[in-house]
Amino acid sequence: MELIDTHTHLDFPDFDSDRREVLAHSRQLGVQRMVVLGVYRQNWQRVWELVQTDEGLFAAFGLHPVYLEQHRPADLTELGDWLTRLHGHRQLCAVGEIGLDYFLQMLDRERQQPLFEGQLKLAEDFKLPALVHVRRSHACVIATLKRIRLSRGGIIHAFAGSLEEAREYIKLGFKLGLGGAATWPQALRMHRVLAQLPLEAVVLETDSPDMAPAMYPGQRNSPQHLPAICTALAERMGISPLVLAETSTRNARELFNW
Numbered sequence: 080m081e082l083i084d085t086h087t088h089l090d091f092p093d094f095d096s097d098r099r100e101v102l103a104h105s106r107q108l109g110v111q112r113m114v115v116l117g118v119y120r121q122n123w124q125r126v127w128e129l130v131q132t133d134e135g136l137f138a139a140f141g142l143h144p145v146y147l148e149q150h151r152p153a154d155l156t157e158l159g160d161w162l163t164r165l166h167g168h169r170q171l172c173a174v175g176e177i178g179l180d181y182f183l184q185m186l187d188r189e190r191q192q193p194l195f196e197g198q199l200k201l202a203e204d205f206k207l208p209a210l211v212h213v214r215r216s217h218a219c220v221i222a223t224l225k226r227i228r229l230s231r232g233g234i235i236h237a238f239a240g241s242l243e244e245a246r247e248y249i250k251l252g253f254k255l256g257l258g259g260a261a262t263w264p265q266a267l268r269m270h271r272v273l274a275q276l277p278l279e280a281v282v283l284e285t286d287s288p289d290m291a292p293a294m295y296p297g298q299r300n301s302p303q304h305l306p307a308i309c310t311a312l313a314e315r316m317g318i319s320p321l322v323l324a325e326t327s328t329r330n331a332r333e334l335f336n337w
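Residues 80 to 337, numbered by the numbering used here, are exactly what the sequence shown covers, in order.
Be careful, since some hints might not be right.
[Unchecked claim] Okay, the calculated beta carbon distance ranges per label pair:
{"#": "1", "residue 1": "L251", "residue 2": "Q121", "range": "28 to 36 Å"}
{"#": "2", "residue 1": "R106", "residue 2": "L321", "range": "15 to 23 Å"}
{"#": "3", "residue 1": "Q107", "residue 2": "E189", "range": "41 to 49 Å"}
{"#": "4", "residue 1": "G109", "residue 2": "P277", "range": "22 to 30 Å"}
{"#": "5", "residue 1": "E325", "residue 2": "R246", "range": "32 to 40 Å"}
[Unchecked claim] Pairs of lysine-lysine residues, derived as DSS-like cross-links and limited to a Cα-Cα distance of at most 30 Å, are as follows:
{"#": "6", "residue 1": "K225", "residue 2": "K250"}
{"#": "7", "residue 1": "K225", "residue 2": "K206"}
{"#": "8", "residue 1": "K250", "residue 2": "K206"}
{"#": "9", "residue 1": "K225", "residue 2": "K200"}
{"#": "10", "residue 1": "K250", "residue 2": "K200"}
Don't read these hints as lab results, they were simulated from the structure. Glycine included, each C-beta is placed from N, C-alpha and C at the ideal position.
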């Protein structure tokens with residue numbers, strides 16, 4: 080079974096003590112490629128240095144809404160400079176993690192919006208997919224994506240919306256990232272949505288080290304958990320794990336042009 084983890088933060092300090100072992104074990108379990116996402120200007124260099132150590136790692140760079148207070152106006156220009164320097168490199172795969180977060184009340188929505196739009200425009204300028212964070216903000220994200228159309232689409236990370244919202248994203252050319260959150264017994268609405276999602280719109284992810292699945296409660300999440308996540312999601316979707324693995328891997332390869 081070949082799998083692709085489309086959303087990790089393997090550069091985070093959580094993996095400093097055993098990163099090499101995590102990568103080796105993940106490969107043994109079939110997770111051949113992993114995307115590592117930058118979240119603020121200060122970690123882009125660390126992300127890039129990490130992916131340069133392993134040809135199966137790929138980088139995305141962005142300004143995550145949760146780190147809004149750390150972002151400065153010049154960071155958007157700097158992101159454009161990074162994308163210019165690395166344009167065409169096989170290990171640059173996307174702009175992300177970007178998006179809107181309306182769950183955390185302290186995050187200024189008016190400041191988030193222009194930052195999100197500016198990064199979407201960069202994604203389109205460089206013809207890259209966008210990896211999008213959405214919490215309690217589906218309506219605004221969908222409206223923004225309708226105004227700023229991306230020719231390469233992208234992934235809605237940790238999708239937890241309704242079937243109607245899923246259909247809107249799919250029409251806009253986006254894949255839906257599924258991971259550990261949907262494996263929990265209490266995620267009843269998501270279980271109903273899972274059974275109705277078109278397979279051609281699904282990709283798998285872990286969000287390591289966050290969003291551990293129900294099978295590993297309270298533990299650091301890891302790409303090593305992706306096979307178990309795949310099996311649990313496939314059961315909810317009424318298909319075999321092999322079908323979900325093959326389809327999600329094919330979808331990710333098509334999205335990233337791998």
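So, going through the hints one by one against the coordinates:
Here the CB-CB span from L251 to Q121 is close to 31 Å, well matched to the stated 28 to 36 Å. Checked against the hint of 15 to 23 Å, the C-beta distance between R106 and L321 comes to roughly 18 Å, which is consistent with it. Distance hint check: the CB atoms of Q107 and E189 are about 47 Å apart, consistent with the given range 41 to 49 Å. In this structure the supplied range 22 to 30 Å holds for G109 paired with P277, their Cβ-Cβ distance being about 24 Å.
A hinted range of 32 to 40 Å is violated for the C-beta pair E325 and R246, which are about 23 Å apart. For the proposed pair K225 and K250, the alpha carbon gap of about 10 Å is at most 30 Å, so the pair holds. Under the criterion of a C-alpha separation no larger than 30 Å, the hint pairing K225 with K206 is consistent with the structure, at around 17 Å. Between the alpha carbons of K250 and K206 the distance comes to roughly 18 Å, so the proposed pair stays at or under 30 Å and holds.
Of the supplied pair hints, the one linking K225 and K200 holds, its CA atoms being roughly 13 Å apart against a limit of 30 Å. Pair hint K250 plus K200 holds up; C-alpha atoms about 19 Å apart against a cutoff of 30 Å.
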